[in-house]
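Now for the letters of each chain:
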Amino acid sequence: MIVTWRITLRIAVIILLAAVLQVSFFSYLSIFGSVPDLVGVVVVSLGLLGGGVIGAVCGFVLGLVMDSLLLQTLGVSSIVLLAMGYLAGRYREGFEISSSLAPPLLAAGLTVLGASIFAAIQLMLGVETPVSLLVVREVLVKGLLAFLLMVPLFPLMRRVLRPALVDDASARRAISPLRSRLRRRRRGTGGRRGRSGRVTGAVPSRRVRGGLA
Amino acid sequence: MYRKQVRRRRAVLAGLIVVCLVLLSISFSEAQSGPLHSIQRGVSAVLSPVEEGASRALKPARDLVDWFGETFDARGENEALREEAQGLRAEVADAQSAVGENEQLRKMLDLDQADAALGSYKRVTGRVIGRSPTIWYSTVMIDVGTSSGVKVNDAVITGDGLVGRISEATRGSAQVALITDHRSAVSASVLPKGPDGIVEPEVGDPDDLLLDFIDNNEEVKEGQILVTAGWSDGRISSAYPYGIEIGRVTEAAVGEQETFQQIHLQPFADIRGADYLQVLTGGPARPGVPG
Numbered sequence: 001m002i003v004t005w006r007i008t009l010r011i012a013v014i015i016l017l018a019a020v021l022q023v024s025f026f027s028y029l030s031i032f033g034s035v036p037d038l039v040g041v042v043v044v045s046l047g048l049l050g051g052g053v054i055g056a057v058c059g060f061v062l063g064l065v066m067d068s069l070l071l072q073t074l075g076v077s078s079i080v081l082l083a084m085g086y087l088a089g090r091y092r093e094g095f096e097i098s099s100s101l102a103p104p105l106l107a108a109g110l111t112v113l114g115a116s117i118f119a120a121i122q123l124m125l126g127v128e129t130p131v132s133l134l135v136v137r138e139v140l141v142k143g144l145l146a147f148l149l150m151v152p153l154f155p156l157m158r159r160v161l162r163p164a165l166v167d168d169a170s171a172r173r174a175i176s177p178l179r180s181r182l183r184r185r186r187r188g189t190g191g192r193r194g195r196s197g198r199v200t201g202a203v204p205s206r207r208v209r210g211g212l213a
Numbered sequence: 001m002y003r004k005q006v007r008r009r010r011a012v013l014a015g016l017i018v019v020c021l022v023l024l025s026i027s028f029s030e031a032q033s034g035p036l037h038s039i040q041r042g043v044s045a046v047l048s049p050v051e052e053g054a055s056r057a058l059k060p061a062r063d064l065v066d067w068f069g070e071t072f073d074a075r076g077e078n079e080a081l082r083e084e085a086q087g088l089r090a091e092v093a094d095a096q097s098a099v100g101e102n103e104q105l106r107k108m109l110d111l112d113q114a115d116a117a118l119g120s121y122k123r124v125t126g127r128v129i130g131r132s133p134t135i136w137y138s139t140v141m142i143d144v145g146t147s148s149g150v151k152v153n154d155a156v157i158t159g160d161g162l163v164g165r166i167s168e169a170t171r172g173s174a175q176v177a178l179i180t181d182h183r184s185a186v187s188a189s190v191l192p193k194g195p196d197g198i199v200e201p202e203v204g205d206p207d208d209l210l211l212d213f214i215d216n217n218e219e220v221k222e223g224q225i226l227v228t229a230g231w232s233d234g235r236i237s238s239a240y241p242y243g244i245e246i247g248r249v250t251e252a253a254v255g256e257q258e259t260f261q262q263i264h265l266q267p268f269a270d271i272r273g274a275d276y277l278q279v280l281t282g283g284p285a286r287p288g289v290p291g
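Protein sequence lines, in the order shown, are assigned to chains D and V. So the first sequence is residues 1 to 213, counted in our numbering. So the second sequence is residues 1 to 291, counted in our numbering.
Hints are computed from structural coordinates only; laboratory data are not their basis. One or more hints might be untrue.
[Claimed, not checked] Derived, one-sided and incomplete: chain V residues facing chain D with beta-carbon distance under 7 Å: (1) Val-12; (2) Leu-23; (3) Phe-28; (4) Ser-44; (5) Ala-54; (6) Ser-55; (7) Arg-62; (8) Ile-135; (9) Glu-168; (10) Arg-171; (11) Gln-175.
Backbone N, C-alpha and C define an ideal beta-carbon position, used for all residues, glycine too.
Produce the entire structure from the sequences given, and follow the hints as far as they go.
Structure (structure tokens):
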């Protein structure tokens, strides 16, 4: 992902919007005793689009915002979302996303993992009351809801962050080499990097094709 | 180049994990008045107007989703309510005779009726502006805070019964720890003259509460009502005033090998569905309760 200040601003808006929507809307929806985990899905999307480092940083920040909004123990949500974002990013760096089902499946799997890590941390911090087996159902339903949420959300996020995506930029250049050459000549650089932007995250070995966009 | 990237990635990841663990340790061990909690409350105070605005704006969408769910549930609920109404008719007749008896006894004992009926508390109504998305923190945020007289440990109710207590308060908002939160424990009395115990939640099942510390010899029946015990021994007291309805006993079982009974109850209040909550502020002093 090419991180410029504009892209940073877009990501910041996405993070704030996701936190507010989670707390004010999605947390009210109880589906089979579970609540859709929008913040988890957003972090997985950012990881898939931006790579491991961006996924981890976004997860960390979003976790801090969530814990501050809800006055919860600081650091718990951050560590969970950080892990989810990083793992999504590592997947993107190591494998080709050839099927449109891959992002939703990954979101479901990582949401289940995140909810399990969250539960483990809570149990380590100390829960004195009995824990119902329904917790397992809650975690599984959360995974299912994450799958469904990711189907429309990933293309949307990809669209919002398109100017920063290395793969999409290369694709655009391939489509219009003349326009690209003209733009480079106008800038007087000739390089692939923008003036203010810098390339971050590992570029995948194989080009990400298709996706859901 | 690639090695440098890998090293940088690992460094960022390790740094973030360390920061998370430091924050977690400090936040968990620090007192409510500590610097980290103060910063957290500051951030929450800044973001609470955004949260409140979003909550108001998104209410029609939430209502629409709720409408679908409620319509689906209404059919089964109708049958159950008819059966319950039949049972309640008999209970009302018993209760009416008990009310007359109660008034006579109160006069004889010269009890302050207003105090007993929570009349000495000021009720501050707040709108729910945010909810925790996880079952491990059963909390909600409301749009009233210390500027409206709300203090930490004030009891929070709806028209149906007890919901929880204030666990954190900023100037314009407050966090309510619901009775389904794993940190919650409410001392309760079984009516009409049953034993006292502690109501605690079962994590993961918000529709079911447990009444603990009821001896096997005590008799508790299905359908009995629980209210807050509101005890005080002069030095320490319960955070909740006496007489707030909590729920109804749904199952009472005596275990052969266990000292205490296993009593389940269903809360009266719609704990996770309420849009407005009332905070009981002021009232008589409760020794030993910080706030």
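Hint numbers contradicted by this structure
Hint 10 alone not satisfied by this model.
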